[in-house]
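Protein chains: 2
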Amino acid sequence: MNRSQVKPTEKELEILQILWARGPVAVKDVHEAMGGEDMNGYTTILKLLQIMHEKGLVTRQKSGKLHLYKAVPSQENTRQQIIDKMIDTVFQGSAMQLVMSALGNKKSSKEELLEIKKYLEKLEGGEQ
Amino acid sequence: MNRSQVKPTEKELEILQILWARGPVAVKDVHEAMGGEDMNGYTTILKLLQIMHEKGLVTRQKSGKLHLYKAVPSQENTRQQIIDKMIDTVFQGSAMQLVMSALGNKKSSKEELLEIKKYLEKLEGGEQ
DNA sequence: GTTCATATACGAATATTTTCGTAATACAAT
DNA sequence: ATTGTATTACGAAAATATTCGTATATGAAC
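Protein sequences appear in the order of chains A and B. Going letter by letter, the first sequence gives residues 24 to 151 in the numbering used here. Going letter by letter, the second sequence gives residues 24 to 151 in the numbering used here.
To be clear, the hints were calculated from the coordinates, so they are not data collected in a lab. Please note: incorrect hints may appear among the correct ones.
Same chains, same names: a pair is fine if it fits in one copy or spans any two.
[Unchecked claim] Quick list of in silico lysine to aspartate or glutamate cross-link-like pairs, EDC-like style, CA-CA up to 20 Å:
{"id": "1", "residue 1": "Lys-140", "residue 2": "Glu-37"}
{"id": "2", "residue 1": "Lys-51", "residue 2": "Asp-61"}
{"id": "3", "residue 1": "Lys-93", "residue 2": "Glu-37"}
{"id": "4", "residue 1": "Lys-133", "residue 2": "Asp-107"}
{"id": "5", "residue 1": "Lys-108", "residue 2": "Glu-35"}
{"id": "6", "residue 1": "Lys-108", "residue 2": "Glu-37"}
{"id": "7", "residue 1": "Lys-34", "residue 2": "Asp-111"}
{"id": "8", "residue 1": "Lys-70", "residue 2": "Asp-52"}
{"id": "9", "residue 1": "Lys-141", "residue 2": "Glu-77"}
{"id": "10", "residue 1": "Lys-133", "residue 2": "Glu-35"}
{"id": "11", "residue 1": "Lys-133", "residue 2": "Glu-77"}
{"id": "12", "residue 1": "Lys-34", "residue 2": "Glu-99"}
{"id": "13", "residue 1": "Lys-133", "residue 2": "Glu-33"}
{"id": "14", "residue 1": "Lys-85", "residue 2": "Asp-107"}
Put together the whole structure using the sequences plus the hints.
Right, here's the structure in full:
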């Protein structure tokens, strides 16, 4: 079980999203994906990626004169950690309360709700 | 619909939890509830509450020589905001993905899962 | 190899959050 | 009123996160 205990900052998390979605990409791509120069200066993103590299949040690989960055922590793990933390800091340890808030507000489609039900049944089956 | 648009910091959120759980309390109570002097200096908590007061995150009322603090934003609203944000920064806009992560990891009890199912059925009923 | 455009490296400034020491204040007891 | 203890006020330091200007380096084109 890979529990790498990372704690990305908010901006770092934004970047990780992009890396997860797009695989190894150059700074330029991240910069553009985040809304270009209107949103963040190029060197700001570059710097963030460099810091993330120092922290071990990303690996990078040279390709010609540029670097291609890749996320180290998995999306799965990271999501899990964030949720776990939120469950106990904001939802008093109850996953259910979180689920209910999540479903209550964002009006999910019927299909989604169904899929969740299926998922629940699967969980009930294979319970420890 | 009360959408007060607050953005408590992490520490502030921790304090809000306590205020929500315990109603109007003194600094001392918050301090103790957060683990006493081992965890945070008294004046640190005091200062945080003062800042929260300036920001309008809490109201306070004198009672003898001390202040009793009370949360302004509701727990409901705050949870909602946090979840919404997380859904779109971490779960690509899909509440379902969040729900699945939440249920998958934290092993919820059978009772909880059942209750969620009931809740889902209620949602399916009254859909827009 | 010189020039040009593009990328990275680096350091420092700015902003935000958290922590804490010290001073001032308030009430209670004497 | 004076003293003692608990509380608040305040300012500044420390820690963390974000932004950006400028210097350096790299490779491509000539």
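Please sort Lys-85 with Asp-107 into within, between, both or neither, judging by C-alpha distance up to 20 Å. neither (35 Å within a copy, 37 Å between copies)
Pop the pair Lys-34 and Asp-111 into one bin, within, between, both or neither, using alpha-carbon distances up to 20 Å. between (23 Å within a copy, 14 Å between copies)
One pair to classify: Lys-70 and Asp-52, alpha carbons no more than 20 Å apart. Within, between, both, or neither? within (14 Å within a copy, 42 Å between copies)
I want to check one pair: Lys-51 and Asp-61. Are their C-alpha atoms no more than 20 Å apart within a copy, between two copies, both, or neither? within (14 Å within a copy, 46 Å between copies)
Tell me, please, which holds for Lys-140 and Glu-37 at an alpha-carbon limit of 20 Å: within, between, both or neither? neither (30 Å within a copy, 32 Å between copies)
Status of Glu-35 relative to Lys-108 across identical chains (alpha carbons, at most 20 Å): both (17 Å within a copy, 15 Å between copies)
Classify it for me, Lys-133 with Glu-33: is the Cα-Cα distance of at most 20 Å met within a copy, between copies, both or neither? neither (32 Å within a copy, 34 Å between copies)
Indicate which option fits the pair Lys-108, Glu-37 if close means a Cα-Cα distance not exceeding 20 Å: within, between, both or neither. both (18 Å within a copy, 12 Å between copies)
Please sort Lys-133 with Asp-107 into within, between, both or neither, judging by C-alpha distance up to 20 Å. Answer is between: at 19 Å across copies they meet the 20 Å cutoff, but 26 Å inside does not.
Alpha-carbon proximity context of Lys-34 and Glu-99, limit 20 Å: Close inside one copy (18 Å), not across copies (26 Å); limit 20 Å.
Within, between, both or neither: Lys-133, Glu-35 at alpha-carbon 20 Å: Close neither inside one copy (33 Å) nor across copies (36 Å); limit 20 Å.
When no copy is specified for Lys-141 and Glu-77, does a C-alpha distance of 20 Å or less occur within a copy, between copies, both, or neither? neither (42 Å within a copy, 47 Å between copies)
Hint compliance for this structure: hints 1, 9, 10, 11, 13, 14 are broken, all remaining hints hold.
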